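Put together the whole structure using the sequences plus the hints.
Chains as they are written, first to last, in numbering that gives the first Met the number 0: chain X, 0 to 269; chain A, 0 to 482.
Treat the hints with care, since some could be wrong.
Said to hold, decoys possible - Here's a subset of chain A near chain X, in silico, CB distances under 7 angstroms, partners left out:
1) V162
2) G336
3) Q338
4) D378
5) F384
6) G397
7) F398
8) S454
To be verified - Which chain X residues stay away from chain A? Per the calculated CB distances, all over 12 angstroms, these:
9) G14
10) M26
11) R27
12) I30
13) L33
14) K78
15) G130
16) D166
17) Q168
I should point out that these hints are in silico values taken from the structure, not numbers from a laboratory.
Bear in mind the structure is a predicted one, so any value in this text is a computation, not a measurement.
Even for Gly, the Cβ is constructed at its ideal location relative to N, Cα and C.
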Amino acid sequence: MATDFTMEPAPDLPGSDRTYKYVFGGMRRLIDRLWDIDVSGLEHIPREGPAIIAPNHLSFCDSIFVPGVLPRRLWAVGKGEYMDSWKTRHLFPAMGMIPVDRSGGDAAKAALDTAAKVLDGGHLFMIYPEGTRSRSGNLHKGRTGAARLAIRCDAPIIPVGHQGTVDIQPPDSVMLKPFKECTINFGAPMHARDFGDPDDPRILRRFTDAVMFEIAQLSGQTYVDEYAGKTDTPAPTPITAPTPGKPSPNGRAAEITLPPGRREQVAVNA
Amino acid sequence: MGYLEMNLAEVIEAHDAARIALIDGDTTITFGELRDRVGAMRAHLVASGVRPGDPVAIAAGNEPLFAVASLAILGVGGIVMPLNPSSPPAELQRKLVSVAPSMVLIGEIGRRLLDHGDIITSPLVDMTTIDPADGAVPPIVGRQPGDVAFYMSTSGVSGVPKVAMLTHRNLEFVQEMSVSNENPLLDSDVTLGVLPFAHIFGLNVVLLASMRVGACVVLQRRFDVDESLRLVREHGVTMLTGAPPMWQRWADADVPDDSLRSVRRAVSGAAALPFEVFAKIRDRYGVEIEEGYGLTETSPVITSGRGAPIRATSVGKVMPDVEVVLVDPDGSPVDVGDQGEIVVRGEGVFVGYLDDPDTTASVLTEDGWFWTGDVGIFDDEGYLFLVDRVKDIVIVSGFNVYPSEVENVLIEHPDVRGALVVGSPHGETGEMVVAYVSGTADETALRAHVDSQLSRYKRPTEYHFVEELPISDNGKPRRRELR
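Listed below in structure tokens is the structure:
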């Protein structure tokens with residue numbers, strides 16, 4: 000499984016070159032000994048230049064195994080809560096994690112700007128399009144952030160589908176179970192320009208859905224057209240309630256009531 | 000009662016009597032003359048027993064009698080039900096049965112209906128024979144803003160023909176937006192009245208909004224590309240409003256390239272305007288078309304291109320005092336920057352479908368949110384872009400396929416004249432994509448063309464080649480006829 004690895008020093012970007020090199024170097028050797036990982040499609044990872052790595056998300060350890068098998072260093076966003084714990088506050092950012100405040104607003108924008116800096120610097124950036132782990136095991140509707148970033152930085156998205164990480168680290172488990180199997184499949188790079196005019200906002204959902212379709216092919220998951228963790232995760236984008244009497248393009252209402260005739264349809268779809 | 004009283008019929012009352020209101024061929028009608036004719040019609044209606052709240056139907060085209068009749072019905076407190084005068088009598092009768100109007104007022108264009116008193120059971124009144132009032136003219140009756148003013152036929156949101164009830168305030172709200180925005184309609188404007196007045200777009204955006212500001216409407220009874228452009232030149236039309244098929248014909252017309260030089264605002268609505276048409280009009284005539292968006296149920300304007308730099312293929316920005324939210328099927332708002340069903344609230348939103356509380360409840364909530372059935376997305380500057388109809392979405396293995404996206408790819412093939420895409424049940428994937436194509440392309444060529452442009456799940460499984468596709472006169476695809 001071991002692949003040649005290029006370190007890509009990046010003193011201007013968040014993270015520590017030394018920490019990444021030594022921690023991931025150790026981790027890669029450990030992964031090699033403790034788990035049987037079947038990797039395919041590594042030829043799709045460009046040897047240089049920017050790319051967005053977009054995997055499905057089932058377990059915390061996805062963030063170890065996917066970067067662990069890649070031939071290049073990468074950066075990724077991680078939830079802001081990691082900055083609240085002494086255990087992760089120093090290590091994760093040193094490993095290239097860009098914390099994102101999921102309550103949204105300027106903090107989320109700052110994280111996106113940093114991500115753009117990573118890509119503009121010609122590096123790999125990893126983002127889970129589902130936004131959070133899928134508890135159902137299904138592949139959920141992708142958030143459009145990866146597509147937005149791809150257009151902004153003219154970077155391809157590489158869809159990634161994996162299986163088996165939930166068995167290695169089930170939800171809410173801290174420990175990783177050794178000697179289990181895991182499959183990680185990398186797909187061919189996808190370019191936004193193949194999906195329409197980058198200035199037309201309709202490209203965002205079109206491109207995102209196309210990426211999710213490829214991820215579903217690579218992971219074997221069933222796709223559900225609904226955001227992951229809809230009920231238990233705060234939205235990663237600003238919430239503004241429309242005020243009666245004020246225009247509120249694409250604002251978020253506190254609550255939109257569902258016409259009774261629709262309730263049945265929703266129940267049937269669900 | 001009374002302190003809030005109003006009546007839409009008052010839109011023509013304040014203008015200078017000598018100003019020209021309507022031009023119909025060689026005839027010009029001033030606001031003074033229009034008020035007299037509307038007053039005479041009010042006298043006739045009252046004498047015929049029409050009382051406030053009574054529905055009265057109009058079968059007339061874009062002719063002065065349509066304006067006279069509708070303002071008179073409103074003036075006596077009645078409810079106007081405009082009919083398409085060229086519909087078959089039996090179809091009109093089906094629409095009239097549930098409404099049981101006091102009478103059907105027939106204009107010059109609907110005259111053939113006078114011979115069908117056996118089919119249409121409501122009394123038919125030939126408006127051309129009504130004499131000027133010789134007695135006292137009854138005053139305009141005060142109405143509450145929420146009183147119903149129009150019964151508008153629509154097959155809009157659910158596809159089944161229905162009657163949308165629009166109030167005096169619904170229409171007034173949208174008219175006020177045309178006069179209060181940054182690039183308002185002015186009394187010096189000349190508008191071409193070619194969109195049918197029996198539809199909300201022609202009725203409220205063209206006819207009544209122009210009447211409100213005191214602008215002049217040049218009537219064209221039936222669309223004809225050369226005649227409409229001749230009217231534009233002859234009368235110096237400044238406001239040119241049309242549906243996409245009209246803009247297509249104007250773009251290709253055999254006329255000088257300065258034919259639209261008097262036009263200061265060009266507006267398209269009713270269906271999506273193809274970018275090629277927008278570009279051709281811009282490049283050829285130097286006019287940029289503003290696209291707007293709305294439905295009969297919203298009187299109709301929700302978004303408009305006016306007052307902001309025009310963005311091609313966008314339907315513009317949300318009108319002031321209108322709320323729009325994009326939602327998932329369960330009603331939760333989508334992420335900012337994602338697409339969802341357009342849900343709207345504002346004073347233009349109708350009060351319901353006539354005698355159909357169930358259908359009303361399926362699209363309109365008690366707190367006033369109207370579910371349009373259209374999917375849209377905003378860009379970062381607040382411009383709305385339409386994606387497709389919710390009901391037309393084909394779901395393949397859980398993924399949404401928007402028919403218009405597939406159709407647009409098919410139409411790009413040089414041997415395709417038109418294309419419509421629908422879903423059909425499929426054992427493994429839930430639904431499959433089925434394409435109906437007109438033109439000379441064959442299936443092998445289309446598959447090769449589509450394979451290079453669409454993700455696998457969006458590619459049609461079946462192709463059917465047809466002579467004609469079901470597309471409405473104003474350019475809306477009628478996909479349900481293919482399902």
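When the hints from earlier in the document are held up against this structure, which numbers fail? 1 and 15
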